[in-house]
Amino acid sequence: MWTKLYRKYRYSLILLRELVITDFKLRYQNSVLGYLWALLRPLFLFAILYIFFVEILHIGKEIPHWGVALLLGVVMWNFFQEVVGQGLKAITSSSGLIRKINFPKYIIVISKSLSAIINLAINMIVVGIFAIISQVELSWGMLLIPLFVLQLYILGTGMAFLLAAVNVKYRDVGYIWEVVSQALFYGSAIMFPLNRVVEVSHDIAVILAMNPIAQTIQDARYYGISDEIVTTQTLTENTLILLIPFIITIVVFVVGAIYFRRRSPYFAEEV
Amino acid sequence: MSDKKYAVEVHNVKKRFSYSRHKNNSLKRAITQVFKKKDRSKDTFYALDGISFNVEQGDFFGILGRNGSGKSTLLKIISEIYQPTSGHVKHRGKLVSFIELGVGFQPELTGRENVYLNGALLGFSRKEIDAMYDDIVLFAELEKFMDQSLKNYSSGMKVRLAFSLAIRAKADILILDEVLAVGDAAFRKKCNDYFETLKDDKKTVILVTHSMADVHKYCNKAIVIEKGKIIYEGAADGAADVYKSLFEKK
Chain S
1 MWTKLYRKYR YSLILLRELV ITDFKLRYQN SVLGYLWALL RPLFLFAILY IFFVEILHIG
61 KEIPHWGVAL LLGVVMWNFF QEVVGQGLKA ITSSSGLIRK INFPKYIIVI SKSLSAIINL
121 AINMIVVGIF AIISQVELSW GMLLIPLFVL QLYILGTGMA FLLAAVNVKY RDVGYIWEVV
181 SQALFYGSAI MFPLNRVVEV SHDIAVILAM NPIAQTIQDA RYYGISDEIV TTQTLTENTL
241 ILLIPFIITI VVFVVGAIYF RRRSPYFAEE V
Chain L
1 MSDKKYAVEV HNVKKRFSYS RHKNNSLKRA ITQVFKKKDR SKDTFYALDG ISFNVEQGDF
61 FGILGRNGSG KSTLLKIISE IYQPTSGHVK HRGKLVSFIE LGVGFQPELT GRENVYLNGA
121 LLGFSRKEID AMYDDIVLFA ELEKFMDQSL KNYSSGMKVR LAFSLAIRAK ADILILDEVL
181 AVGDAAFRKK CNDYFETLKD DKKTVILVTH SMADVHKYCN KAIVIEKGKI IYEGAADGAA
241 DVYKSLFEKK
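Those protein sequences? They're chains S and L, same order as listed. If you use the working numbering, the first sequence closes out at 271, no skipped numbers anywhere. If you use the working numbering, the second sequence closes out at 250, no skipped numbers anywhere.
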């Protein structure tokens with residue numbers, strides 16, 4: 001019984017590792033600078049955002065270190081976007097493999113999400129560099145950022161499991177997700193501080209802050225960078241509202257995982 | 001019932017496919033289908049219609065049948081790639097199946113990288129591959145090509161590399177779907193040797209083939225499938241005769 005369990009677990013780990021390595025290698029194949037792009041790409045991207053939004057448009061100028069907060073938000077959003085976007089294609093794009101061998105299918109979705117974690121880690125280095133330049137003071141709150149990232153990861157993989165399984169039958173999922181993710185992007189106050197929304201309507205701000213993407217990103221900004229940033233906790237003291245983002249996270253993950261598990265025996269013939 | 005331990009048991013397996021199963025990939029179709037309420041049974045057929053047989057430990061078991069008779073579907077169900085519509089399959093011991101050689105090969109990666117990737121699919125860790133890497137390359141006769149990307153390989157080279165990896169697979173039960181119907185004389189010789197060692201090691205093998213020479217040479221038992229049903233079960237020689245007669249009817 002135990003040896004059987006171990007064997008299964010071992011196989012998944014070996015496979016997972018190779019799939020992540022393969023993913024990473026394929027991504028930077030045939031480029032002169034190779035892996036360096038993993039670092040250069042976010043660096044340039046951030047420089048553009050920084051110049052345009054902070055220096056030219058003065059968005060969030062009233063908040064100390066808003067530039068760094070902006071970058072942190074963009075990095076976390078890109079991470080979420082990658083976990084879901086790559087994950088939802090994971091099964092359909094591996095149809096050749098799935099139709100020919102039997103292996104635990106969740107490995108492919110997880111391998112995509114691990115690639116996203118590697119990218120996130122590289123991006124975080126760049127955020128760190130900007131934080132040093134911007135002289136963000138070190139705080140214990142920074143240690144909480146990995147927890148918010150973890151929450152975002154749980155939400156993202158749950159979403160990826162659900163969408164990957166639905167995508168096998170209905171290829172519309174990719175298009176629908178593209179639209180929905182645009183809504184989520186603007187609804188999560190990433191390019192602008194949530195403070196701006198509060199100025200317009202406190203209620204709208206509360207509704208936005210109930211979405212776990214907004215909550216994780218604003219919380220990470222609040223604890224790690226500047227306590228002048230509005231987040232779910234500064235908006236309301238209602239415990240139920242405070243719990244909603246966490247409940248959504250757990251429900252999405254559980255529903256996604258169960259649905260994926262139930263559908264996965266049929267992927268080979270449906271994909 | 002006897003308490004004999006079979007390596008593979010296939011019990012009354014049926015598999016239903018729908019003719020239009022690939023056309024249902026959009027929401028629009030799903031929605032229109034709800035309104036149409038068509039009789040679904042007209043769109044489906046049984047690729048396997050009540051298949052039962054047992055494979056004993058150490059059998060070299062042949063599955064014969066014409067194209068489209070349901071052999072590959074059966075292999076996929078035994079390999080647990082497909083789920084049977086009804087009935088069940090069971091196996092004892094580690095089962096490895098080769099529906100195709102070189103599954104998961106990445107053309108953009110080098111031969112070396114593909115060895116590790118494909119090895120992982122067979123359940124080998126990096127360390128284990130390290131230990132047998134030289135043997136794999138030597139057997140595939142690709143010493144000079146391992147750092148080239150796979151897209152530059154000829155199909156023969158790819159098959160050699162895949163085969164060299166496949167024979168390392170540690171399994172009690174092996175399932176082979178015509179994987180060895182390719183390659184030149186030298187390659188066939190290697191396959192031959194591999195089959196002989198499988199036989200000597202008393203491994204359980206399930207082989208799908210169209211080569212009656214192979215059936216006579218290796219198999220001790222065989223079944224013949226026609227239109228999803230078993231029309232013969234027993235000694236390999238008899239199976240070969242039944243199989244040949246399928247083509248003489250018309």
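None of these hints come from the bench; they were simulated from the model. Every residue, glycine too, gets a C-beta built ideally from N, C-alpha and C. Treat the hints with care, since some could be wrong.
[What the hints assert, rightly or not] Taking lysine to aspartate or glutamate pairs in the EDC-like style, the calculated list, with each CA pair at most 20 Å apart, reads:
(1) S/Lys25 with L/Glu113
(2) L/Lys217 with L/Glu113
(3) L/Lys217 with L/Asp200
(4) L/Lys221 with L/Glu113
(5) S/Lys25 with L/Asp200
(6) L/Lys189 with L/Asp201
(7) L/Lys14 with S/Glu269
(8) L/Lys14 with S/Asp23
(9) L/Lys28 with S/Glu228
(10) L/Lys151 with S/Asp23
[To be verified] Here are some, though not all, of the chain L residues that point toward chain S, as calculated from beta-carbon distances under 7 Å:
(11) Asp49
(12) Val103
(13) Pro107
[As the list claims (entries may be wrong)] For each label pair, taking beta carbons as the anchor points, the in silico distance ranges come out as:
(14) L/Asp43 with S/Gly34: 33 to 39 Å
(15) L/Ser154 with S/Ser12: 31 to 37 Å
(16) S/Val255 with L/Asp43: 26 to 32 Å
(17) L/Glu141 with S/Val255: 47 to 53 Å
(18) L/Thr44 with S/Val255: 29 to 35 Å
(19) L/Asp172 with S/Ile129: 20 to 26 Å
(20) S/Ile129 with L/Ser154: 45 to 51 Å
Verification of the hints:
{"no.": "1", "hint": "S/Lys25 with L/Glu113", "in the structure": "10 Å, holds"}
{"no.": "2", "hint": "L/Lys217 with L/Glu113", "in the structure": "36 Å, violated"}
{"no.": "3", "hint": "L/Lys217 with L/Asp200", "in the structure": "13 Å, holds"}
{"no.": "4", "hint": "L/Lys221 with L/Glu113", "in the structure": "39 Å, violated"}
{"no.": "5", "hint": "S/Lys25 with L/Asp200", "in the structure": "41 Å, violated"}
{"no.": "6", "hint": "L/Lys189 with L/Asp201", "in the structure": "18 Å, holds"}
{"no.": "7", "hint": "L/Lys14 with S/Glu269", "in the structure": "15 Å, holds"}
{"no.": "8", "hint": "L/Lys14 with S/Asp23", "in the structure": "38 Å, violated"}
{"no.": "9", "hint": "L/Lys28 with S/Glu228", "in the structure": "48 Å, violated"}
{"no.": "10", "hint": "L/Lys151 with S/Asp23", "in the structure": "17 Å, holds"}
{"no.": "11", "hint": "Asp49", "in the structure": "17 Å, violated"}
{"no.": "12", "hint": "Val103", "in the structure": "4 Å, holds"}
{"no.": "13", "hint": "Pro107", "in the structure": "10 Å, violated"}
{"no.": "14", "hint": "L/Asp43 with S/Gly34: 33 to 39 Å", "in the structure": "51 Å, violated"}
{"no.": "15", "hint": "L/Ser154 with S/Ser12: 31 to 37 Å", "in the structure": "34 Å, holds"}
{"no.": "16", "hint": "S/Val255 with L/Asp43: 26 to 32 Å", "in the structure": "31 Å, holds"}
{"no.": "17", "hint": "L/Glu141 with S/Val255: 47 to 53 Å", "in the structure": "52 Å, holds"}
{"no.": "18", "hint": "L/Thr44 with S/Val255: 29 to 35 Å", "in the structure": "30 Å, holds"}
{"no.": "19", "hint": "L/Asp172 with S/Ile129: 20 to 26 Å", "in the structure": "54 Å, violated"}
{"no.": "20", "hint": "S/Ile129 with L/Ser154: 45 to 51 Å", "in the structure": "48 Å, holds"}
Checked against the numbered hints above, the structure violates hints 2, 4, 5, 8, 9, 11, 13, 14 and 19; every other hint is satisfied.
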